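Please construct the entire structure, taking both the sequences and the accompanying hints into account.
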Amino acid sequence: MASFKPTKIPIYPKLGEKVTPDTLYWKNYKAPVQIKEFGAVTSIDFSPLAPHNYAVTASTRIHIYGPFSQEPVKTFTRFKDTAYSGKFRSDGQLLVAGCEDSVVRLFDVSGKVALRVFKGHTKGVHVTDFTSDCYHILTGSDDYTCRLWDIPNSTELTSYKEHTDYIRCGTTSKLNRDIFITGSYDHTLRVFDARVEKSVMTMDHSQPVESVLLYPSEGLLVSSGGRYVKVWDLLKGGQPLVSLKNHHKTVTCLGLSSNGQRLLSASLDRHVKIYNTTNYKVVHNFDYAASILSLALAPDDESIVVGMTNGVLSIKHRKSPEEKQEVAGKQRVRPVYRVFVKGRNYVPKKDDFFVSKPVKSHLAKYDKQLKRFNISKALDTALENRKPDITVAVMKELDRRGTLKNALAGRDEQNLSQLLNFLIGNVVDPRFTPVLVTATEMILDIYQAVVGQSSVVDRQLVRLQELVEREIDYQQDLLEVLGMLDTLFATSLPRKEVILKTSCILSINLHLVRNSFILYL
Amino acid sequence: MSNCCFTSCWFLLCAAGESVNVYSTSTEEFVHDLQGHTDLVTGVVLNPSNHLQVYSCSADGTVRLWDFMDGILIKTFIIGYPIYSIYVSEKHGGVVFVVVPMANYKSSELFQLVAVHLPRSGDQEVEARELSAVLCDVSPHPGAVSFGREGEYIAATKGLQLEVFFFKKQKSYRFSLKSGMKKGVKNAFTCVSCHPKEDCIATGHADGKIRLWRNFNQKKEYTYTTLHWHHGAVNTLCFTPEGTNLLSGGIESVLVHWHYTQENQKDFLPRLGAAITHIAVSPDGSLFCTSHSDNKITIIQSCVKVSAIIQGLVKGDGVWTDLIIDPRSKALVLNGKPGHLQFYSLHRDKQLYNLDIVQQEYINEEGLDQFEVVKAAFDARGDWLATVEERRKKGAELEINLKLWAYDKLTQSFVLNTTVTAPHEDRITGMFFSPSPETTMLVTTSLDDHFKAWLLADHSDTKEGFWSCDFVGGYHLLKPGCCSYSADGSLLAVGFQEVVTVWSPASWELLTTLSQPPGAIRDLCFGRLSCSKYLLGTSTKNQLCCWNLLTCSLEWSTPMDVSLLQADPLSENMAAFCSQSGSSDLFVFKPSEPRPLYSQKALCTGKVQHAVFAPRDQMLESCEERTQWLNRSQLYFITQDMDLLTFSTKTEEDRLLASSKQLMVDDSVAVTPFYLLLGKHRRQQLEKQEALTNPMAERTQLPQGSIAIKELLHTPAHVLPSASFLCAMFVRSLLVSRSSAREEKAEEEMESEKEEEDSEGEADPRLGESAAWAPSEEFGAPALTKAQERELRKVKTFDHSWLSSLLDS
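Chain order of the listed sequences is U and F. Per UniProt numbering, the first sequence runs over residues 1 to 521. Per UniProt numbering, the second sequence runs over residues 1 to 809.
Just so you know, these hints were derived from the structure itself, not from any lab. This structure is a prediction, so every number in the text was calculated from the model and none was measured. Fair warning: there could be bad hints in the mix.
Claimed, not checked - No more than 30 Å apart at the CA atoms, straight line, and that leaves these computed lysine-lysine pairs for DSS-like:
#	chain 1	residue 1	chain 2	residue 2
1	F	K394	U	K371
2	U	K365	F	K393
3	U	K368	F	K209
4	U	K357	F	K409
5	F	K305	U	K357
6	F	K393	U	K371
7	F	K409	U	K360
8	U	K5	F	K305
9	F	K393	U	K368
Pasting the structure below:
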C-alpha cells in the first residue's frame, strides 16, 4: 500500500538578482537622507580626522557636514564664482578649493576667511589637492596648465603646460610628495614628478578624462572618461590592464571601498556600479534619481554620499548592528529547547532492543483535505495561504482530478470575492496564467447567472476584465517588438535564431478569457 | 492472474494462463506450477473433501484434480465443453458445478450451470458424462454464482436478476430489480456472495451499491438492505469464513471491510495500486488476498497490513515508451503502473522495482485524463534517465513535463534532478541521449517543428548541476519525426518529414541533408561498428533506404513496409519488422549488404509495437548461420496484444532441457536453507561413513527461490543448530573468493532464464556437492549425465581452497 502522495508544489526559477555576499553588504544601508544644495554638487571629500566630516562643493559655496547632521556644520561662502574641488589636507586642518574665477583659496577648517589666496591661473581651476608632505598644493586649470604652490610662501613653484585641453581631474600620490597625476579633456593622463621638468608618463584614455583614482598601493591607476572606466598598471609603465564599459553615459566619478576590494563608479546615467577589483565584474548596482556628478565613501564604508546634477545630496548610512538585533528580537518566542530534545538524547544501553518508530509523514492541511476528497475545503485552505504558488498548485491538482469546477461552485459573496481577489492578483503572472485562466473561465461559467446581484463581485469582475484587457494589449505590443526583432535578426544573422513563443500562447489564453468576458458582461 | 484461491495459510494458488501457479504466502515466492491444461485455466477450487487437493477447470473442457503440494496431476475429468467457472460445496461430495455454454445454442451466448458427478474410477483420464443442468441462463463471470449456507442453496446473478436455487426443494426463486427509470442498467448485478452461516446473500451492483438479501425463501416477502460506498461498480465480494466481515473491492482500488450486523462501520485499505478484480480469504480467515487488474496479487494480513505483493510484468493500458534496456541492471524498462516505469528482469522473469515518474496521487476514476509516461531514455552508462510525461485534456492544451533522473549509488535508484515543464509546445516524438561517454546530451524532437538539445549545466555554487536547453533547431518549419545518434555520438540525424538532416552536435552545424522523395521518414538508424558509415531510414511509403554518409548518397533502397527498425548495439545487425496482411515479418540484415541474414515470415499476428536487443551476459558460440545474429544479444519484441516475445536458439533450448533435467536430479532432495549450508557438509560425512540414510528425512516444502543467506535468516531459530556452530560457516560463505564468484556466474549462465530463479539458490549446493564428490570413487561411474560430466570437468579447474577450509571448520 503506497502512502498518499502530497501535492507537488513546483519550484519556479527565482527572478531578479541572485543573493551574493556583495548584495547583502551593499544592501545593508538605511534609506538615503536627501539634502538640497544650491547647485550641482561637483565634489565631495571626507575629512581624514575622526568625526569624518565631509566637504560638499556646490555652486559658490562649500558646506561641511558632520557624519549624522543634516544641517551644515560650517559653510565657506567667500567665492566670487562657482567653487570647485574642496579638499581636506591629510591632517584635516586645512581645506583648499578652486574657483571659476581662477583663484585658489586655502581655508582653515575652523576659520572663515581664506588663509592664503593663490593667484596665477588664467582660467577656472577645477582641480586642487595637497601633496603628501602637506606643504604644497597641486592645482589644475582650464588654461591647460597644472601648477604646484608652496603654502607657507603662497608662491608658485612649478608650472607644467603639457596638456592641450582643460584639466578636469588630478590626484597626488600619498606615498611620494613629488608625484602627481592629472587627467585632461585632451584624452590623456599624465604622471608628473616635481623634481623633473617634464611629465614622466603619458597614457591615452581616448575619451575626455573625467576622474582619476590611485589605488592605496599606487601600483594601479583608474581613470574614467566617456562610458569607459580603465585601469592602468603604473609599475609596468602605464600599460592598460582592463577597460570596463558598464555605463551608458559618461562616468563622472570613481571611488574605492575602504578595504580596497571594491571599485565604485558613478555616471550621468544615474547608476553607481560596484566592481570586484580582482576580476572587474559588476557585483552590485545602485540607482539614483538624477545624473551623478560626485561620489564619496566614508572610512569603513560607514556612509555613501552622492551628489547629483539637480543639487541633491544623497547620504546613505550603514545599518548599525544593534538595529539588526532589534529585528531579530521581534520573532515569536519559541518553545524551550528542552521540549524538543525530550527523550531524544537518550543513549541506548548495550542490552536495549531498539524498536524504530514508524516515520510519521506530515501532510499540509490542504493535502489532508485532498486525501479525504474534501475539495472545496482544500481550495479554501489553499486560498488562505499567502503563497500563490501553493494555491495555484492545489488548483492544478483539483483540475487534474476533474473537480475544480465543483470546488469553485457554490460560494457565497464573501467567498467568491476572496477568490476573485486572488485571481486579480495573480492571473497575469506568466507562471500561473495557464491554470488561472481555466479557473477564471469556470468561475464565469458558474456565476454568470448571478452577475449583477452583488456590487462587490461586480466591481471585482470589472476590474478583472480591465486587467485582462490591459495584459492583452501588453502582449500585443510585445509581439510587435518580437516581430521587429525577428526581422532585425533575420537580416543581421546568417543563421536562423529561434525565438520562443511563450508570450504568444499567453496572449492567446488571455484572448479566450476576454472573449468570455465579452460574452457574459 | 485472474483467479486465485487460498489452500491454507501457507499456499496461494493462482490461475495464470495455461497453468496454475503455487505461491508461498509468507515469502511471496513462486513455489511451482501445475501444468497440464491445454487452454486458459478459468477456475481453481479446493477439493472440499481433501484439503491437499485442488480442482481446476479450463476452457479446454477438462476438470483436473491435483495434489498441489507435490504438483502432481491426480485425475483428469473430460467434460467436453469449454468451462468458464467451477464451484464446489462440502455438502455435495463427488459433484462439481461448472458453467458451460448451453449445448443447443450455437452462438454460445447463453450459459448454464451444470452439476457434474465425478465418476469414481482408478483411471487417470475419465470422461464425466453425467451432467445435470441446475440453472439456465447464468453469467459466465466466476463471481456471479455462489453457494449458500452449508450448500443448501446456490445463488446466481445475471443482468437485473438474482436467482436462488434450493437443492432440498429443487425449486428456484427469481428476484429482479427494476431497471430504474433514469439509472438504466446501472442497477445490474455484478457479483454475489453468500453468508457462510446465515441465510443472507450479498450482491454487488454496477452503480457501486451492495445489497444484503434476507428472507428469500419465498417469492414475496424478501427484504434487502443497501450499503453504498463504492462510486464505481463493485467488482467482487467475499465473506470471511466466520461471516463476521464482508470484503468488497472495485475500480477505486480500495479494499472495503464491512462489519456484518453493524453495516455502518467499515474499514478501508486504500491505494492498493490498481482495480481489484478478485478477493480470496484463507480458510482460517487470517489472510486476505486481492488480485488486481495490473497482474498483481496482494496478500493482506486481516485487513490491516499488506504483507506481500506478488507482481508479474505489469500489463498496463499500453506501452508508449519503447522497450529499453537499463545499462546498469540490464533490466527491461517499460510502462508499468499508471505514471510509473517498471524495471523488469528478463533473466529472472521478475519485476525488480517500479519507479514513480509522475509523483502524483493516482485517482481511480473512469474518464479522467491521467498523466502517462510516454518517453524514456537512458544515457550510455545508465547514470541518467530522461522521461517525458504528458496529459491531454479534452479541449485544453497538452501538458508535458520532461524529467531528468540521476542515478544515486547509495539508494540504488533514480533521483529526480530536473523537471522541465512544457519543454516543447507540442507532443514529443523522439528522445535520445548521446551515446558518447564524454558528454551527456539529450535531444528531443517534437511536433512543434523544433528539436532541442539539453545539456547538463555545471554550477559551481550548487552541489549538482541541472539540465538546461542548449540548442533549438529546426528545418524549414517541417515537423521532425525521428532522430538518431551515430554510434560515437559525433553525428545526429533528424528526419524532417521527407528530408533527413545530419547535424554535428559539437557545433550544431547542419552538415548535410539527404532526401528520398516518396513518403515521410518514419524511422532512422545509424549502422554500428564496421557499418557506421551507413544511415538507415524507413519511410511511410514502403521504402527502406540506406545512405552512405561518406559519399552522402543513397547506397541502396528496397520497397518494404517496415514498421519498426531496430539496431543491435553490439553488432552490425539490424532488425526490421514488416507488417503485412495482419501478421508481422522479421528481417535481420547488415547495412553493408542488402541480403537479409535471417528472415521469418508470419512471426506473429498483428503489428509489432516495440522491439529491443537485450545484450547477453555471455556470447553464444553458435556456428549455425541462421542463428548467428543472436549470438551477442537477444531480440525481444512486444505485440499489439501486449505479449512480450523473444527468440531463442536451438542450442539454448538444449541447454535449457539439460539443466532442467539436472534440476530434477537435485530436486530429489528438498532444498532448505539449513540444507544449503549444512546438508552438503553432513552428507559428505555420512558418505564417508557409508551410511545411506538421508540426512533430511523429513521433506519440508519450502520455496527454493531466493538466496541461501536470505532464507537462512527467515528460518525459525529453533530448527537451526546452535549459533556458534553456524556462525563461522555463515560468515565464510559470505566471503566468497574472487575466483569462485566468477565460477558461480559462469554456472548461472549455463542455465536458461526460466530456471534462473532456482539456479540462484541452487548454484551453491551443486557446486558444493560436485566439489565434494569429485575425489570419491563412486562418481567415476559411467552413470553420469552429460551435463554433470561437463560440470565436473569445470569444477576440476577451479580453486577449492576456500571450500576445504570451510569443511575443516
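For each hint, the structure was consulted:
With a C-alpha separation of about 25 Å, the suggested pair K394 of chain F and K371 of chain U falls inside the 30 Å cut-off, and the hint holds. Between K365 of chain U and K393 of chain F the alpha-carbon distance is near 28 Å, which keeps this suggested pair within the 30 Å criterion. Between K368 of chain U and K209 of chain F the CA atoms are separated by roughly 27 Å; this keeps the pair inside 30 Å, and the hint holds. A hinted pair counts as satisfied when its Cα atoms are at most 30 Å apart, and K357 of chain U with K409 of chain F qualifies at roughly 26 Å.
Distance hint between K305 of chain F and K357 of chain U is fulfilled; the C-alpha atoms sit about 16 Å from each other, no more than 30 Å. Straight-line distance between C-alpha atoms of K393 of chain F and K371 of chain U comes to about 23 Å, which keeps the hinted pair within the 30 Å bound. Between K409 of chain F and K360 of chain U the CA atoms are separated by roughly 26 Å; this keeps the pair inside 30 Å, and the hint holds. For the hint pairing K5 of chain U with K305 of chain F, the CA-to-CA distance comes to about 19 Å; that is within 30 Å, so the pair holds.
Using a Cα cut-off of 30 Å, the hinted pair K393 of chain F and K368 of chain U holds, with the two alpha carbons roughly 26 Å apart.
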